[in-house]
Amino acid sequence: MVPSSGKNLNIPAPRHRPGEEPEFDDLDISNAGEVARPDVMMNSKDMYGYANSLIRVLDMKNNAVGEWDPKISADDMRKGLRDMLTTRLYDDRMLNMQRVGKMSFYMKSRGEEAVAVAQAMALDKKDMLFPSYRQQGLLISRGRDLLDMMNHCLSNSKDNCKGRQLPIMYTWRDGNFFSISGNLGTQFCQAVGWAVASAYKGEDAIASTWVGEGTTAEGDFHHGMTFAAVYNAPVLLNVVNNQWAISSFQGIAGGEKATFAARGVGYGMPGLRVDGNDFLAVYAVTKWAAERARNGGGPTLIEHFTYRASGHSTSDDPSKYRPEFEPEVWPLGDPVDRLKMHLIAIGEWSEERHNEAIKDITAVITKKYKEAESYGTLNSGERPEVSSMFEDVFKEQPDNLRRQRQQLGV
Amino acid sequence: MAKMSMVQAINSAQDVMLERDNAVVVFGEDVGYFGGVFNCTEGLQKKYGEQRVFDTPIAEGGIIALAIGMGVNDMRPVTEIQFSDYIYPAFDQIVSEASRLRYRSGGEYWAPITVRTPCGGGIRGGQTHSQSPEGIFTHVTGIKTIMPSNPYDAKGLLISAIEDDDPTLFFEPKRLYNGPFFGDPKAPAQSWDKHAKGEVPEGYYTVPIGKADTVRRGNDLTIITYGTMVHVSLAAAELSDFDVEVIDLRTLTPLDIDHIASSVCRTGRCVVVHEATKTGGFGAEILSQIQEECFWKLEAPIVRVAGWDIPYPHAFEWEYFPGQGRVLEAINKVMER
Chain C
78 MVPSSGKNLN IPAPRHRPGE EPEFDDLDIS NAGEVARPDV MMNSKDMYGY ANSLIRVLDM
138 KNNAVGEWDP KISADDMRKG LRDMLTTRLY DDRMLNMQRV GKMSFYMKSR GEEAVAVAQA
198 MALDKKDMLF PSYRQQGLLI SRGRDLLDMM NHCLSNSKDN CKGRQLPIMY TWRDGNFFSI
258 SGNLGTQFCQ AVGWAVASAY KGEDAIASTW VGEGTTAEGD FHHGMTFAAV YNAPVLLNVV
318 NNQWAISSFQ GIAGGEKATF AARGVGYGMP GLRVDGNDFL AVYAVTKWAA ERARNGGGPT
378 LIEHFTYRAS GHSTSDDPSK YRPEFEPEVW PLGDPVDRLK MHLIAIGEWS EERHNEAIKD
438 ITAVITKKYK EAESYGTLNS GERPEVSSMF EDVFKEQPDN LRRQRQQLGV
Chain V
2 MAKMSMVQAI NSAQDVMLER DNAVVVFGED VGYFGGVFNC TEGLQKKYGE QRVFDTPIAE
62 GGIIALAIGM GVNDMRPVTE IQFSDYIYPA FDQIVSEASR LRYRSGGEYW APITVRTPCG
122 GGIRGGQTHS QSPEGIFTHV TGIKTIMPSN PYDAKGLLIS AIEDDDPTLF FEPKRLYNGP
182 FFGDPKAPAQ SWDKHAKGEV PEGYYTVPIG KADTVRRGND LTIITYGTMV HVSLAAAELS
242 DFDVEVIDLR TLTPLDIDHI ASSVCRTGRC VVVHEATKTG GFGAEILSQI QEECFWKLEA
302 PIVRVAGWDI PYPHAFEWEY FPGQGRVLEA INKVMER
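In order, the protein sequence lines correspond to chains C and V. If you're matching positions, the first sequence starts at 78 in our numbering and goes up one per residue. If you're matching positions, the second sequence starts at 2 in our numbering and goes up one per residue.
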């Protein structure tokens, strides 16, 4: 028998489990407006402190405060709110459709809408996005037709991925949105490669990429960080710390030892930590990092401190590993509510307009979904041509695939 | 035409492509100023500058990921994995990403990358500098797997690989870098100078991917092989009492099965030879396809000559390496039935 009482061995555990009362009173959270905004070209050696503070603009009284306030127009904020709302309502609809068997799988981004939408708005359309799987807000904010997104999720005859990818693993070349892999973190250093090519060509476009905090443990994260730093790549390296990687809390990825933003320090790049539920803060931090990258200042690591309010996916039941009400007590609130309340506070929005917007968006989604279903679902109606499954393996179909297609009789 | 070693031919292919196309960049561990541990990129940084030929951190997964991202941004990256024994950290990027990007994105994105990597043994490299992992990659659809056996083919195939819009894995049998090798380590080393395939055009030309080459004509038996074992098989064929045909595959996937089948259906007898370990090796696939195409024309069971199913043992290199004796033995075994 091997004794099993190692007192020096640490297996991290989350602060609460199901049945326990969730609270986050001791979370170390900077006040809104408290963190200074450095010059965009500040030497990363002078920026270590940013990795251990939290950049926030919206305070709990719904005011935008401090040097990081991007001071964007009410129209832009309303666009941001509308895009986040659309993302959320779209997610809700698609989840329901998965539940009634119209598609195989779905992943919501509830609670993390600002991370995607604010970044999309702060970047230029020519900038290339290498997302993970919870950034559908990027597509929505860049104006992708919801119909096309639904067609993909339903794997129907108009799916641009031709029925080959799981739902939500979107591709959208026209919107400079890369193909979502499904393997975690593989896109991180690919984004660096894209950015290096942009720098090589002397172009102004930058790249941005996202992983979850759990994926920072993958080698790909380390590769991306190293290559980006070495070649001074114009790239934004985002870590969405939503506290949970399926059932593993952020401590399992090493989050109790240091912040994820602090990973940047060792590579010689700024590590900024931002309230991911604060639309204005995410927007401002993205603008800062994008300007730095475009000016030749190289990569920035951004930790978005947020909370995954839904399950990991439709195959997950979070009540098995965390208290049911934990999302409601998350001390940084909800990104949609916070931007909404800010707009109301400055007299640029109202509950009535908000409800009206929800109604409008819902109507659009309902209409689009109806049309999408007319092009088929995974289980019924039209699908892409079966013979197309032998295409795009290579640019030109080799003989062995042609023979296998003939063997199948298509 | 010029006399070139395989190293010079591979260098020349990259030189030609760097010259022709600004989208071509060359990178890997030690490939820049130093010119690579086998000199395959010697002088290229000096000629084309540090932004086009550069060193990378020691992270094979990062090298391939970088190449994929650059490829998506209209570049044509040529990467070097210093030894194919070190390719495994890049496995996920090759298998899950490069090979499936075009497919999973519905044809919207692709990775026109070339991965060069020295393979094979016979250089006293032990188990970390001698492997032949091609069979691991031939199982992966969406990538093309190439292994030339001489300078002429190496240059022409490498140019084809660089120009190809699909990812290509380019295995370079390092025992052949400086001369043909016939399997006898005690024989004096030969250079490519006197070999017909050491005559290489200095400029641009291509050898098509996916086409095998009959390097010796014969009527009694067909040897299917590639890489270093082409030369060993040719030497064995010379020693044999039989009229042996030898086919150099050059490209493993897509496999030129029509070329193979037409030969084996004619001779009715076949030996498949590779340096890689036997079980689950690419030879198994060749056998299966020949069986599918030529079963009723076969006069005898097909025999495989391959590395033993052990790691490449440092002190027992020549007991591991499938030399002329083992090839001859296989020829005789197939012929006596």
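No lab work stands behind these hints, which were simulated from the structure alone. Computed from a predicted model, the values in this text were never measured in an experiment. Idealized CB from N, CA, C, for every residue including glycine. Errors might be hidden in some of the hints.
[Unchecked claim] Beta-carbon label-pair distances, calculated as ranges:
# : chain 1 : residue 1 : chain 2 : residue 2 : range
1 : V       : Asp56     : C       : Lys278    : 18 to 24 Å
2 : V       : Asp56     : C       : Lys84     : 54 to 60 Å
3 : C       : Phe101    : V       : Asp56     : 43 to 49 Å
Verification of the supplied hints:
Between V/Asp56 and C/Lys278 the CB atoms are about 20 Å apart, so this pair conforms to the stated range of 18 to 24 Å. Taken as a hint, the range 54 to 60 Å is violated for the pair V/Asp56 and C/Lys84, whose Cβ atoms sit roughly 46 Å apart. Take C/Phe101 and V/Asp56: their Cβ atoms lie about 46 Å apart, and the range 43 to 49 Å holds.
The structure shown violates just one earlier hint, number 2.
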